[in-house]
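Novice: Chains as they are written, first to last, in my numbering: chain A, -1 to 277; chain B, -1 to 277.
Hints were generated in silico from the structure; no laboratory data involved.
Please note: incorrect hints may appear among the correct ones.
Identical copies go unnamed one by one, so any copy, or any two together, can satisfy a pair.
With a straight-line cut-off of 27 Å between C-alpha atoms, the simulated BS3-like cross-links for lysine-lysine are [what the hints assert, rightly or not]: (1) 27 - 218; (2) 52 - 213; (3) 107 - 142; (4) 8 - 218.
Number of protein chains: 2
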Amino acid sequence: MLKGYRLDSKRSISLGDYNPEDTADFKDKEEIAEAFEKLKEQLQDEQEKLFASKANSVLILFQGMDCSGKDGVIRKVLGGLNPQGFRAESFKQPTADEAAHDFLWRTHKVTPPKGYITAFNRSYYEEVLITKVHGLIDQEEVDKRLKHIQHFEKLLLDNGTLVIKLFLHISPEFQLDKIKERMENPEKLWKFDPSDLQERRYWKDYMKAYQHAFKSTGTKRNPWYIVPANHRWFRDYLVLRIIVSSLRELNLSYPKIDLSHFNSFDEKGSPELITPNNS
Amino acid sequence: MLKGYRLDSKRSISLGDYNPEDTADFKDKEEIAEAFEKLKEQLQDEQEKLFASKANSVLILFQGMDCSGKDGVIRKVLGGLNPQGFRAESFKQPTADEAAHDFLWRTHKVTPPKGYITAFNRSYYEEVLITKVHGLIDQEEVDKRLKHIQHFEKLLLDNGTLVIKLFLHISPEFQLDKIKERMENPEKLWKFDPSDLQERRYWKDYMKAYQHAFKSTGTKRNPWYIVPANHRWFRDYLVLRIIVSSLRELNLSYPKIDLSHFNSFDEKGSPELITPNNS
């Protein structure tokens, strides 16, 4: 099932061929509810083995237009992870210090150490998307940066970091509905950003920039996934399936520890005689 | 109910007077199950208002002996928070760079920015606990550090940071049971640390060091809470109640945003005409 959403061979695609309404023949949320809960448990198990074995790390990268649900999917799919081994990072306007470095510097700093999972809400890919769409860099610079991204992701891979790249695919109509919802609900109004409306003008340019980025960076070991995201329940389910399936491919297991060489027991071989000094 | 667990007047206490088996007259987990779920929802609501209003931040600090359940409580009580506004930080042996700075440097760096909640799994309090118990610093140095901690917590308070300090109180017998559990379960063995057994010898010294720290730093606005933790369900419930109640005292609300001055609409006052460039 996941194969149809995966881009792993540097081929050209058109996002127009991917239907944001797609739900892979599932009818509704109820139909996948049980499977969803089971997958969440599996994800927690995988996380514990990842943390215990400290041989790999996982970087889950979310890209998508405003209102595509990056925040929501991180909360609903990854919210059940043990927070002591998981972090969500988001990237806003670079600070002066960040802007004074190369474009991978600020994201590299917060990649996951071994044993950990990190989710990126937006990522270094913005540096070939928003910058290109607004004409801040030309195509030559885009291609240079995409090469750097390829090398960077290989560096992570060589160090045992699994990079899962997810594009949340919505339609412009869906986006407008969400923007209106934010404007009309006093508890959601704080999420409304007038610039989201302005960015809508550049929809087609964004799609082109994404397509170009997918083509350069969707490889067998570091693929992209296009996640239909007009239906939130399907979006969450598919993202969770992709993550669990990718983690399982790591074949994680608990470390084997041999206690027979453990020499801190007393002469009886029992830890019980190590008694506290108040008894 | 929370009052009996709060230390807010710099008074001397003896931890021997606090029963780790206490469950405040609740019989079992079932009795508080519904209240627990409701409190978790309230916590999520408070977190969203905190994040939206960006006027305050919350630092929740967990201290306690090995196996007192710091990891577990962070997972079970705070695991449901939106990971995009929440972080868990734990502090191990200081790195060379950390050790070359003052004792508050590494923790100060990771205090929560406005809108965020951070949990500390252990904290700067270790610098007056383990160090004192093992004779690395004398009483004079302890008292100096406790003064610095008082000033530091006032600094945080003045910047709108709510500091919630929780001591998870277990008995040495409970700890030993947990250590054995870890040694006997292949899926928990990786959590076993031989030094935990050694540290048990110093139980009484640790209790003394904690009592002294509570006396110096348990103030009206930055109180300590002693959480009976032999029963995990009660521990989780009480911690959650303390956190929700403390957050509610901040009187958080969604920011009021006036859209009437919003001038990015078209002449019809509607955002709908801002159409994407592919339609």
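Novice: Now tell me, hint by hint, if it's right for this structure.
Specialist: Now the hints, each set against the structure:
Neither within a single protomer nor between protomers do residue 27 and residue 218 lie at most 27 Å apart by alpha-carbon distance, with minima of 31 Å and 48 Å respectively. In this assembly of identical chains, residue 52 and residue 213 lie within 27 Å of each other by CA distance neither inside one copy nor across copies; the values are 32 Å within and 39 Å between. For a Cα distance limit of 27 Å, the shortest separation of residue 107 from residue 142 inside one copy, 21 Å, qualifies, whereas the shortest one across copies, 35 Å, does not. Taking the shortest Cα distances, residue 8 and residue 218 sit within 27 Å of each other inside one copy (9 Å), while across copies they are farther apart (62 Å).
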